[in-house]
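Protein chains: 2
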Amino acid sequence: MERITATYYIETPLDLEKSALVLAGEQSSGTFIAVPGETEELKARFAARVESIEKLESSTEPSIPSVKLKPGIYQRAIIKVSWSIENFGYNLPVLISTLQGNLYELTQFTGLKLMDIDFPDSYANVFKGPQFGISGCRKLTNVEGRPLIGTIIKPSIGMSPEQTAELVKTLVEAGIDFIKDDELLGSSANSPFDKRVDAIMNVINAHADKTGKKVMYAFNLSDEIDQMQRNYEKIVKSGGTSAMISLNSVGLAGVKKICDNRELAIHGHRNGWGMINRHPLLGIEFPAYQKLWRLAGVDQIHVNGIQNKFWESDDSVVTSIESCLKPFLRGFSVLPVVSSGQWGGQAVETYRRTKTVDLLYMAGGGIMAHPSGPAGGVIALQQAWQGAVDGLSVEDTAKKYSEFNQSVSVFGKK
Amino acid sequence: MERITATYYIETPLDLEKSALVLAGEQSSGTFIAVPGETEELKARFAARVESIEKLESSTEPSIPSVKLKPGIYQRAIIKVSWSIENFGYNLPVLISTLQGNLYELTQFTGLKLMDIDFPDSYANVFKGPQFGISGCRKLTNVEGRPLIGTIIKPSIGMSPEQTAELVKTLVEAGIDFIKDDELLGSSANSPFDKRVDAIMNVINAHADKTGKKVMYAFNLSDEIDQMQRNYEKIVKSGGTSAMISLNSVGLAGVKKICDNRELAIHGHRNGWGMINRHPLLGIEFPAYQKLWRLAGVDQIHVNGIQNKFWESDDSVVTSIESCLKPFLRGFSVLPVVSSGQWGGQAVETYRRTKTVDLLYMAGGGIMAHPSGPAGGVIALQQAWQGAVDGLSVEDTAKKYSEFNQSVSVFGKK
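From first to last, the protein sequence lines are chains D and F. Using this note's numbering, read the first sequence as starting at 1 and increasing by one per residue. Using this note's numbering, read the second sequence as starting at 1 and increasing by one per residue.
Extracted from the complex, chain D is given alone in its bound form (with noise of 0.2 angstroms):
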């Protein structure tokens, strides 16, 4: 019988393969005392195994503070641990209450973070994973060799239907790529969804049909399910190609709802992420997290950016990408979106470590505020791109473009 198996970095100030042991009975058959009709036979079938343990550093201090043990040793390990298919299928909700649910509320441990997860082949058959990933992305924006290059419309909020389509047709003009919505607007109260569909795909087909690039612009229909199925509805007949959902906010079984309509790439924004990650022992790290949406369907998803203004160090937006690019089951391609207080002059060190030009490139300020306006960010970001390619430093690509070189010139210098 099939099994899926989750890598878990873990603290405990106990015994480590008698917690491990804890985690796989408490996840699969354990109550605080033995009860009739737990049978060795049932045991065998339906409990989860521990796989491997490896021994890693210790520390003195807990990483997660605790009320209820003494102080001691706290030993660090990866662990794997097993579940037989039968006990879930291919219930992804179950799955996820199994490998992410009471085992952090377990005094054994003072950290638990999920790393990974292998999920087994037959899920390929089941989950027909992200409908456009990168090649439907590039095919639907006409954009091959590079990155996509995209932009947010600021301010967040505020601005009616009428104000964003005018920012709309600058930035198309511009020659973007991808706009999206930010997540703090779905419908509000100067800002009503339709409206907004309306007038901004009005400046996007209109360019559409004079220029033959359609600019992919991902609106915000994170909402109850009822709400995003009729925004879903709105876009598709407007001639739109994408929609946004807030990950975290909607929740796996509405994301995986409206993925299932297969008609729009699905731009996944992980706000709210920090919440589950940022705590090095305690959460799920991004590997485990991606493989979640992409099977729901999620087409595009967020890997905040190098150098970026958050907390995020660049070793692990680099093995975000990473985890993105590798093929899952059938492929599952998803698109990674990097964001965050990019310009261009962050191209050539992202270029680097991962070397691949599969990429949403988003930048803000680094595209309106650019010294030639919106048009010279916009290329400003594909010349700094092409520098990186070419193996060029920022200093070489700025002395080759100028466009590039008022970039580096004004926000180089934050």
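There could be a bad hint or two in this list.
In the BS3-like style, the derived pairs of lysine-lysine whose C-alpha atoms are separated by at most 27 angstroms in a straight line are [said to hold, decoys possible]:
#, chain 1, residue 1, chain 2, residue 2
1, F, Lys128, D, Lys43
2, F, Lys326, F, Lys128
3, D, Lys195, F, Lys43
4, F, Lys70, D, Lys309
5, D, Lys413, F, Lys18
6, D, Lys43, F, Lys309
7, D, Lys309, F, Lys68
8, D, Lys309, F, Lys18
9, F, Lys309, D, Lys70
10, D, Lys309, F, Lys195
11, F, Lys309, D, Lys80
12, F, Lys55, F, Lys18
13, F, Lys70, F, Lys55
14, F, Lys128, D, Lys309
No wet-lab data here; the hints were simulated from the structure. Just so we're clear, the structure is a prediction, and the values are computed from it rather than from any experiment.
Given chain D, put chain F in place with the hints provided.
Showing chain F alone in chain D's frame:
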């Protein structure tokens, strides 16, 4: 215009007021550089506002390790931030992205926890809240004046529908009020959902026909949206009165969609809670969390238990119970579910600290492993609560009631 106010517990190495303003800016109109279109009028209408800052203790170590900050003093504070409801209206996912989104990513904070949310009155006109709540669950189970006594089917996973129904038969004859699936069991290889519902409801309906008491069984319907709807209808058609959802695994949009059917009492299981709450300065506290699920329409929600087997302190459990019992908007009554290592011995302390019997009090081994069998276990729990309400100590309750005395002799030694 009505505003929503969030209370955060924060920690920062920077100026308190400045970091609070960064949070407000990031979660309404922030970007890393000023952009055209951001007028003062828009800011005034849509910008988040820092309402108050209450300085607390400081620390020389950051609560969450940060690679991007130099050593310093980490100042803690309670801050209140408000948003106009014009920003998101009654869209819960966008509200969550605003109150719990990218703010956890800010380098300015080495700790950030959402403590509570104040909703304006108009939310009561838009959301229906729980359909059953405390009084509805009491009516469905015909229990007044004491906690509902419940248990969980163990082993969590592995038993066939027939074996489970046998156990249910034992439990309903023992006088139990409530039984639930384990959150690890949805539809497994040897316990398909529909077959389990048939087998169990046969027992429960027959017992109800004979005695007039219909035991509430919370079938775990957690799955994708369409399957959850089918599972829901199956329960309704079979005469069931309740369904369980793993709140965090399914997500808000999916849970709301199921609650909106309003025919079954929804048992909200919070597995995964440790991931978003266990660190004292990261995530969300229960008073904020439970409001979101009451808005969604959840009728029962887990609060852990006094002297539980998990990491959570008794103080935190008491705060959780109190927050559930506090009226919210039009009341939005929700029944707190007490569980984890409970056997009756904790009734005295639970009542002493909360002065309520409006609880669903869950015991596992405390019922099944009782020396006089499950009937003795159920009676012992009722006796424990009678003693607690009468102001008796554990010892005096044990002297007065023989079944509870047996519980003390077996479970009180642990």
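*Which numbered hints does this structure break?*
1, 10 and 14
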